[in-house]
Structure formats: C-alpha cells, structure tokens
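Trainee: Take a look at the letters that make up each chain.
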Amino acid sequence: MIIFAACAMFTLAALVYIFWVPVQLEASEEKTRLAYLRERKDVVYENLRDLNFEYKAGKFPETDYQEMKTALETEAAGILAEIADLEEQEDTFHSAPAPRRRGSANS
Amino acid sequence: MPQLGSFAVLFALALSVYALFAGALALLRPDAAGERLGETARRAGVAIFFAVALAALCLVTAAFQNDFSLAYIYHHSNRDLPAPYKFAALWSGQEGSLLFWSLLLAAYGLVLRLRHNVDRRLFAYASVIIAAVQVFFLLLVNFAANPFAMMQGTLPADGAGLNPLLQYPEMVIHPPMLYLGYVGFTVPFAFALGALMMRYPGEKWIHVTRRWTMVTWGFLTCGIFLGAHWAYSVLGWGGYWAWDPVENASLMPWLTGTAFLHSVMMQEKRGMLKIWNMWLIFATFLLCIFGTFLTRSGLVSSVHAFAQSSIGNWFVAMLALTFAVCVAAFVKNRSHLQSENRLESLISRESSFLFNNLLFVVACFTVLWGTLFPVLSEWVQGHKVTVGPPFFNRVNIPVALLLLLLTAVGPLLAWRKTSFESLKRNFSIPALAAIAVAILLIAFGMRPWAEQSAFYSLMTICLSVMVTVTVFSEFVRGGRVIAGKTGKGLLAAMGRLAHNNTRRYGGYVVHFGVALVMIGLAGSAFNQDKEKEMGYGGKMEIGAYTLTCRSYTQDDKPNYRSEWAILDVTKNGKPLTTLYPERRFYKASQQMSTMPALRSTIQEDLYVVYEGVNEDNGRPIIRVHLNPLVMWIWIGWLTMVGGTALCMVPNAARVPLGAPAPARATVAAEAGD
Numbered sequence: 000m001i002i003f004a005a006c007a008m009f010t011l012a013a014l015v016y017i018f019w020v021p022v023q024l025e026a027s028e029e030k031t032r033l034a035y036l037r038e039r040k041d042v043v044y045e046n047l048r049d050l051n052f053e054y055k056a057g058k059f060p061e062t063d064y065q066e067m068k069t070a071l072e073t074e075a076a077g078i079l080a081e082i083a084d085l086e087e088q089e090d091t092f093h094s095a096p097a098p099r100r101r102g103s104a105n106s
Numbered sequence: 000m001p002q003l004g005s006f007a008v009l010f011a012l013a014l015s016v017y018a019l020f021a022g023a024l025a026l027l028r029p030d031a032a033g034e035r036l037g038e039t040a041r042r043a044g045v046a047i048f049f050a051v052a053l054a055a056l057c058l059v060t061a062a063f064q065n066d067f068s069l070a071y072i073y074h075h076s077n078r079d080l081p082a083p084y085k086f087a088a089l090w091s092g093q094e095g096s097l098l099f100w101s102l103l104l105a106a107y108g109l110v111l112r113l114r115h116n117v118d119r120r121l122f123a124y125a126s127v128i129i130a131a132v133q134v135f136f137l138l139l140v141n142f143a144a145n146p147f148a149m150m151q152g153t154l155p156a157d158g159a160g161l162n163p164l165l166q167y168p169e170m171v172i173h174p175p176m177l178y179l180g181y182v183g184f185t186v187p188f189a190f191a192l193g194a195l196m197m198r199y200p201g202e203k204w205i206h207v208t209r210r211w212t213m214v215t216w217g218f219l220t221c222g223i224f225l226g227a228h229w230a231y232s233v234l235g236w237g238g239y240w241a242w243d244p245v246e247n248a249s250l251m252p253w254l255t256g257t258a259f260l261h262s263v264m265m266q267e268k269r270g271m272l273k274i275w276n277m278w279l280i281f282a283t284f285l286l287c288i289f290g291t292f293l294t295r296s297g298l299v300s301s302v303h304a305f306a307q308s309s310i311g312n313w314f315v316a317m318l319a320l321t322f323a324v325c326v327a328a329f330v331k332n333r334s335h336l337q338s339e340n341r342l343e344s345l346i347s348r349e350s351s352f353l354f355n356n357l358l359f360v361v362a363c364f365t366v367l368w369g370t371l372f373p374v375l376s377e378w379v380q381g382h383k384v385t386v387g388p389p390f391f392n393r394v395n396i397p398v399a400l401l402l403l404l405l406t407a408v409g410p411l412l413a414w415r416k417t418s419f420e421s422l423k424r425n426f427s428i429p430a431l432a433a434i435a436v437a438i439l440l441i442a443f444g445m446r447p448w449a450e451q452s453a454f455y456s457l458m459t460i461c462l463s464v465m466v467t468v469t470v471f472s473e474f475v476r477g478g479r480v481i482a483g484k485t486g487k488g489l490l491a492a493m494g495r496l497a498h499n500n501t502r503r504y505g506g507y508v509v510h511f512g513v514a515l516v517m518i519g520l521a522g523s524a525f526n527q528d529k530e531k532e533m534g535y536g537g538k539m540e541i542g543a544y545t546l547t548c549r550s551y552t553q554d555d556k557p558n559y560r561s562e563w564a565i566l567d568v569t570k571n572g573k574p575l576t577t578l579y580p581e582r583r584f585y586k587a588s589q590q591m592s593t594m595p596a597l598r599s600t601i602q603e604d605l606y607v608v609y610e611g612v613n614e615d616n617g618r619p620i621i622r623v624h625l626n627p628l629v630m631w632i633w634i635g636w637l638t639m640v641g642g643t644a645l646c647m648v649p650n651a652a653r654v655p656l657g658a659p660a661p662a663r664a665t666v667a668a669e670a671g672d
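In order, the protein sequences belong to chains A and B. Note that numbering that gives the first Met the number 0 numbers the first sequence so that position 43 is 42, with each residue one more than the last. Note that numbering that gives the first Met the number 0 numbers the second sequence so that position 77 is 76, with each residue one more than the last.
Hints may be right or wrong, so weigh each one.
Stated by the list, open to error - Distance windows between CB atoms, simulated:
no., chain 1, residue 1, chain 2, residue 2, range
1, A, 38, B, 29, 46 to 52 Å
2, A, 94, B, 649, 52 to 58 Å
3, B, 382, A, 11, 55 to 61 Å
Said to hold, decoys possible - Once the Cα atoms are required to be at most 25 Å apart in a straight line, the calculated BS3-like pairs of lysine-lysine come out as:
no., chain 1, residue 1, chain 2, residue 2
4, A, 68, B, 331
5, B, 268, A, 55
6, B, 529, B, 573
7, B, 484, B, 529
8, B, 573, B, 538
9, B, 487, A, 55
10, A, 30, B, 331
11, A, 55, B, 331
12, B, 203, A, 30
13, A, 55, B, 573
14, B, 268, A, 68
15, B, 423, A, 55
16, A, 68, B, 423
17, A, 55, A, 68
18, A, 30, B, 487
19, B, 423, B, 487
Derived by calculation from the structure, the hints in this document are not laboratory data. Glycine included, C-beta positions come from ideal geometry on N, C-alpha and C.
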C-alpha cells in the first residue's frame with residue numbers, strides 16, 4: 000500500500016511538473032546570418048590576438064607575422080563589411096511600415 | 000523496494016518516450032503550440048533523472064538491506080561484503096551497470112535541459128537525441144536486463160558474493176569514471192547531430208560542447224588509467240596493459256575523442272574539417288556503444304567482460320540504427336558542411352592537426368581490427384585466431400612515436416604556413432635537447448641498435464624530452480611577454496598566462512603529462528621477472544634487490560581467508576623494507592585472488608606475487624617483477640588530469656572590445672593590436 004502511494008505521488012508530481020507550463024513562453028528563434036557573422040568576427044579577432052601574442056613572444060619572424068596578419072585582417076574586413084551591410088538592411092526593414100519577419104540563417 | 004524500483008524504471012522509460020516523440024514533434028511545429036509541446040518534452044527529460052535516480056536508490060538500498068529476493072543482489076553481493084562494495088554492486092553486474100548508464104545519461108541530460116536558454120533550439124535538438132539514446136538503455140533495463148528481477152524458488156540465506164577481482168578500492172571508482180566518459184560522449188554527439196540536422200550556422204555548437212567534451216575526455220582518461228592501475232595492482236601478472244578486448248573497447252573512443260578534441264580547433268579557428276569532425280564525433284559515440292556491446296555480448300573473451308548474454312542483439316540494432324541516422328542526416332545536409340578555407344601548406348598548424356588525426360584514426364582502426372580479428376577469422380576460416388600484444392605493438396608503437404613527434408612539433412607551427420626561418424627559430428632548442436638526451440642515454444649504457452625494444456625506448460624518451468622542452472618554452476616565452484608588460488616575476492607571469500588562455504595552456508600541461516606517461520611506458524623495455532620456490536630463509540635476487548623469506552602466515556576475516564608471505568627486502572646489501580604478498584580465498588564466491596605486494600619508487604617498482612604452493616612438494620612459489628619507471632605513468636596521468644582541469648577554468652576577463660567598424664583599417668585596432 001505504501002509502495003503504491005509512493006508510486007502515485009511520484010507520478011502525480013512528475014505530471015504536474017511536466018504539463019503545468021506557463022502560458023507565456025520565450026520563443027526559440029532561428030539563428031540569423033548576422034548572429035553567425037558576429038560570432039565569426041569574434042573568432043577572427045581572437046586569432047589576431049593570438050597571432051600578436053605569439054609574435055611578441057618571438058615565435059615568428061617579422062615577414063611571416065605581417066603576411067599572417069594581413070590575411071586575418073582581410074578576412075575580418077570582409078566579415079565586418081557583410082555585418083554592416085546586413086545591419087543596414089535590418090534598419091531599413093525595421094523603419095519600413097511592413098510587419099516584422101524572422102530572419103533566416105541563409106539570408 | 001523491488002516494486003518501487005521496477006515502477007521507477009518503467010516510468011522513466013515512459014518519460015523518455017514522451018521526451019523523444021513530443022520533442023521531435025515540437026521541432027516540426029515552429030508555432031506557439033509547438034513551443035509549449037517542446038517545453039513539456041524538456042520537462043519530461045528533466046523528470047527522467049529523478050525516476051532513474053529513484054530506481055538506482057532502490058537497488059543500492061536493496062544491496063545494503065541484503066535483499067536476496069532480487070536476483071541481481073543475490074549474484075553480486077553477500078552479507079559480509081564491505082559497505083563500499085555493496086554500493087559498487089550498482090555497477091558490478093550487467094543489469095546494474097546498464098541502469099547506471101541510464102542514470103549517468105539522465106544526469107547529463109538534466110544539466111543540458113536546465114541550461115537550455117543558451118540556445119533553445121539547438122538544445123531542443125540535442126535533448127531529443129539524448130532522449131532517443133535514453134529510450135534504448137531504458138528498454139534494455141526494463142525488458143532485457145532488469146536489475147529488479149526476482150529470485151525463483153526458495154530465498155537463499157546469503158548472496159553469491161561479488162567477483163573477488165572487483166573487491167579492490169579502485170573498482171569502486173574505476174567503472175563510474177569509465178562510464179562517465181562513455182556516456183558523456185553522447186552529449187557532443189547529440190549536439191553535433193542536432194547541429195547537422197538543423198543546419199546550424201557557425202561553430203557555436205562546438206563552443207557550447209567544448210567543456211562537455213573536455214570533461215568527458217577527462218573522465219574517460221581517468222577510467223582508462225584507473226583500470227590500468229587496477230590491473231597492475233590486482234591481477235598479479237606484473238603489467239598494466241594487455242590489449243585485452245575490454246581495455247581496447249575503452250581505448251578506441253578515447254583515440255577518436257582525442258582526435259576530435261584537436262581537429263575541432265581547426266573548425267573553430269578556420270572553419271575547416273567540418274565533415275571530418277562530424278564523423279569523428281559520430282564514430283566516437285558509436286565506439287562508446289560498441290565498447291558497451293563488447294563487454295556484454297560475449298562476442299570476445301576477456302578477463303573484464305560480463306557473462307555472455309542475449310543483449311548483444313539489442314546493441315547491434317542500436318549501432319545499425321544510429322549509423323543509419325548519422326548517414327541519413329549527413330547525406331541530407333552535407334552541403335552545410337562545406338569548408339570555409341583550404342589547407343595552404345604542409346608545414347602548418349592545420350597540417351599537424353590533420354596528421355595527428357590520421358594517426359589517431361590508424362591507431363583506432365588497428366585496435367579495432369585486432370580486437371575483432373578472432374570474430375572475423377571465425378567467420379572466414381571457421382576457427383578463432385587471436386592476435387596478441389605483438390600485433391598491436393607492431394603498429395601502435397611507431398604510431399605513438401609519430402604522435403609524440405607531432406605533440407612536440409605542432410604547438411610551434413604557425414596557422415596557415417610556417418617558414419624555414421620560423422622552423423629554425425622554434426625547433427632548435429627542443430631538437431638539441433632531444434639529441435643531448437639520446438647521447439647521454441647511450442653513454443649510460445642504452446644500446447638502441449641491439450634490440451628493437453631498446454630503440455623504441457630511446458626514441459620515446461628523446462621525443463618525450465622534446466615535448467617537455469616545447470611545453471616549457473611555450474610557457475617561458477609567453478611568461479616573458481606578460482612579465483614585460485606587467486612587471487611581474489616570470490613564475491607569476493606564467494600563471495597569469497595560463498589563466499588568460501586556460502584551454503591552450505591546460506592543453507600544454509596535458510601534453511607534458513602524456514610525455515611523462517610515455518617515459519613510463521618506455522621503461523617496460525627493461526622489465527625483468529623471476530619465479531622461485533621459497534621456503535623459510537630462502538633467497539631470491541633480482542637487479543640490486545635481494546628478497547629473503549622470513550615466514551608465511553594466514554588469517555580468517557568475515558569475507559575471506561588469506562595467507563601471505565613475509566619477505567625481507569635488501570638493496571645492495573642494505574635493509575630496505577618488508578613486503579607481504581597475499582592470496583585470498585573469498586568464502587561467498589569460493590574464488591581465489593592474489594594481492595601483489597609493491598614497492599614503488601620513481602626509478603622502478605619491485606612487484607612481488609605469492610602464487611600459492613607447488614602441489615608436488617608443498618613449497619610456496621614467489622614471483623618477482625622489477626618494472627622500471629612505472630610510477631612515471633601514474634604521475635603523468637595525474638598531470639593530464641591537472642591539465643584537463645585547467646582547461647575547464649574560465650579565461651581571465653579580457654579588456655572589452657570597441658564597437659565593430661566596417662573599415663579594414665580598424666580591424667587591427669579592434670582586435671587589440
């Protein structure tokens with residue numbers, strides 16, 4: 000009898016926890032290309048910081064360092080340009096009277 | 000208790016099924032109703048943990064209450080079993096260990112589902128995949144290997160007892176560590192598969208799972224080394240690794256998991272090797288399931304394996320289904336895994352990671368091939384052909400040496416490409432140190448040309464020295480930069496350096512630990528052993544040691560009877576210590592077990608086994624092993640654990656960056672140049 004009561008209590012508690020969901024839930028959104036680019040920008044900056052540090056630590060000669068730095072800066076510039084472009088599009092989109100839409104990862 | 004436990008595992012299965020199907024359905028419905036359904040699935044996932052924990056609690060309680068009405072408790076415990084081993088009964092047998100698998104998976108799932116706000120959609124995918132794996136294990140626990148099955152007929156007064164080999168302190172922690180490793184790889188696998196299915200943009204899923212993967216890898220490493228230490232301390236054959244199928248089962252996911260930990264950095268930093276990484280983590284998870292299958296199916300014989308059983312078919316089905324899902328997800332979404340960059344040079348950090356990965360995969364395939372060779376040969380030839388340590392060593396020792404070389408070289412190479420000038424600048428000191436050590440070792444009597452084992456040993460030690468010098472040069476160089484900026488002393492600056500980038504410098508500490516382990520392994524080329532019948536006053540010499548038999552004695556404890564030899568040990572004629580090698584007879588299981596006596600130093604281990612008496616003349620037999628450098632293995636392992644722990648520490652806060660600017664000229668300034 001005690002075992003039965005314990006099983007019933009456990010089941011009831013679990014069911015209440017699972018199905019007593021708040022009416023308002025935070026919506027899970029698709030990740031946008033803009034969010035992806037911002038992450039990518041952080042990674043490239045991190046790579047640049049690592050490169051600078053390793054250069055200061057004496058791991059690379061000047062010529063190697065400049066070459067690698069230029070390559071990373073070019074990559075970062077491309078990302079920043081695309082971010083700026085997308086942000087501009089987003090601003091235009093928001094200021095327009097049409098209803099808001101969710102962004103797409105491949106937009 | 001058995002009824003409550005049975006209810007709990009059945010209820011956990013129901014919750015898992017709900018979390019799987021409701022979660023999957025919610026992912027297909029991106030509206031408010033779908034959100035609510037997904038939330039109920041997440042909560043069901045949380046509740047699974049409490050249901051499985053209740054079941055595990057019931058089983059442990061039954062062990063402590065000596066409830067032999069449960070067949071599992073009867074077979075794996077007895078009244079006089081010490082309390083820690085009663086607790087360990089939870090994972091000592093097949094049914095309990097599968098319940099334990101489910102418990103650990105539920106615990107990992109709990110943490111994941113409570114942290115779902117990091118990225119709700121990605122976590123929802125991972126949660127559904129984990130629920131699917133959970134369903135499999137709970138199906139097994141409920142319908143194929145139920146730990147709450149009752150004994151038939153008259154209830155026995157006492158249990159059959161725990162396997163004597165498992166009655167050793169390390170066996171209380173070794174299986175949980177190994178299982179935490181096996182089960183833990185489900186999490187990065189779930190995120191990887193989820194990210195592929197949802198075509199998740201970017202590499203954030205790697206960032207999210209980085210710590211999970213490191214923790215899991217750390218647990219698996221601990222589990223493997225604890226197993227090796229247990230084999231060394233208990234099995235009495237004087238070694239720690241025998242290429243046993245169950246040992247191999249734990250090594251294979253470790254090899255692919257280690258490869259993944261390295262190559263994933265290429266994906267994070269340069270957006271490369273996306274397909275390779277995806278398959279590495281798929282393979283690692285499949286090898287974890289395969290390892291669990293090996294220990295339970297009776298497919299291969301092993302001193303560690305559980306009894307043969309029919310649950311092997313369940314695992315085959317699970318492996319086939321998982322592989323099919325992985326292939327389907329990959330075929331459907333492979334265009335999402337296009338590499339963003341190409342390999343620019345063969346002498347670069349990327350190529351060192353690539354070679355490192357290929358070598359790990361070769362080692363893994365060799366171990367897999369050797370482990371399955373008895374089964375494959377039986378299919379083809381009709382009789383089992385077993386391959387022993389020589390097969391594994393022939394391939395894996397050269398592979399390990401190449402990996403050690405890459406461990407020394409890799410951190411010194413630049414991303415993209417490395418110039419000759421840079422090579423000269425970075426490699427001179429480590430290479431000179433390795434050559435100097437080789438000359439010293441030869442001067443002290445090592446003859447690498449005399450035997451292959453001596454050559455491998457010399458190479459291992461030299462390359463380990465190279466790794467060590469590389470690691471220290473990285474710390475010193477970085478420390479000098481910090482010291483120059485902050486005015487701190489070099490040691491404090493090196494501490495600060497490690498705190499600034501814990502992942503990188505923790506990784507270097509792990510590399511140092513690996514070098515120490517490899518030096519320890521190199522010592523095995525010079526192992527010696529002797530066996531002799533020793534009466535009272537009998538003497539045996541090995542190396543600089545002399546063992547004199549003082550006497551033999553015996554004792555009777557509640558759980559076992561024991562007899563042991565008392566041996567006085569001298570080194571170069573000077574009294575050193577007394578050793579007590581022991582043999583035990585466990586009453587409940589009616590089995591014998593040896594407890595070797597060990598004197599361990601940084602230089603060598605004196606390892607003594609009391610083998611019993613010669614049945615012809617009644618004289619006791621003593622076997623002695625002299626194993627050089629074994630302690631280095633355990634020190635190296637602890638260093639690896641320390642390095643892994645350092646990787647877990649969050650980096651020291653950086654100075655915040657300014658707002659992004661679209662001009663190239665601002666990049667350098669923004670990146671902190």
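Trainee: So, for every hint listed, does it hold in this structure?
Mentor: Taking the hints in turn, this is what the structure says about them:
The hinted range of 46 to 52 Å is not satisfied by residue 38 (chain A) and residue 29 (chain B), whose Cβ atoms lie roughly 22 Å apart. For residue 94 (chain A) and residue 649 (chain B), the Cβ-Cβ distance of about 40 Å falls outside the hinted range of 52 to 58 Å, so the restraint is violated. Hint check: residue 382 (chain B) to residue 11 (chain A), Cβ distance near 59 Å, so the stated range 55 to 61 Å holds. Taken as a hint, the residue 68 (chain A) and residue 331 (chain B) pair is broken in the structure, with Cα atoms around 37 Å apart against an allowance of 25 Å.
The hinted pair formed by residue 268 (chain B) and residue 55 (chain A) meets the criterion: a straight-line CA distance of about 20 Å does not exceed 25 Å. Distance restraint check for residue 529 (chain B) and residue 573 (chain B): the Cα-Cα separation of roughly 21 Å lies within the 25 Å cut-off, and the hinted pair is therefore satisfied. Simply put, residue 484 (chain B) and residue 529 (chain B) have alpha-carbon atoms about 59 Å apart, too far for the 25 Å limit, and the pair is violated. For the hint linking residue 573 (chain B) to residue 538 (chain B), the alpha-carbon distance of about 15 Å falls within 25 Å, and the restraint holds.
For the hint pairing residue 487 (chain B) with residue 55 (chain A), the CA-to-CA distance comes to about 17 Å; that is within 25 Å, so the pair holds. At most 25 Å may separate the alpha-carbon atoms for a hinted pair to count; residue 30 (chain A) and residue 331 (chain B) meet this at roughly 20 Å. Proximity of residue 55 (chain A) to residue 331 (chain B) is assessed by CA-CA distance (about 46 Å); at most 25 Å being required, the pair is judged violated. Restraint check: the Cα-Cα separation between residue 203 (chain B) and residue 30 (chain A) comes to about 11 Å, which is no more than 25 Å; the hinted pair holds.
Taking the CA atoms of residue 55 (chain A) and residue 573 (chain B), the gap is about 55 Å. The hint is violated against a cut of 25 Å. Proposed proximity of residue 268 (chain B) and residue 68 (chain A) is supported: the alpha carbons are some 14 Å apart, at most 25 Å. Annotation: proposed proximity of residue 423 (chain B) to residue 55 (chain A) holds, straight-line Cα distance about 17 Å (limit 25 Å). Restraint check: the Cα-Cα separation between residue 68 (chain A) and residue 423 (chain B) comes to about 21 Å, which is no more than 25 Å; the hinted pair holds.
Of the pairs offered as hints, the one joining residue 55 (chain A) and residue 68 (chain A) holds, with about 13 Å between alpha carbons and a cut-off of 25 Å not exceeded. Pair hint residue 30 (chain A) plus residue 487 (chain B) does not hold up; C-alpha atoms about 43 Å apart against a cutoff of 25 Å. Straight-line distance between C-alpha atoms of residue 423 (chain B) and residue 487 (chain B) comes to about 30 Å, which puts the hinted pair past the 25 Å bound.
In this structure, the hints that do not hold are numbers 1, 2, 4, 7, 11, 13, 18, 19, in rising order.
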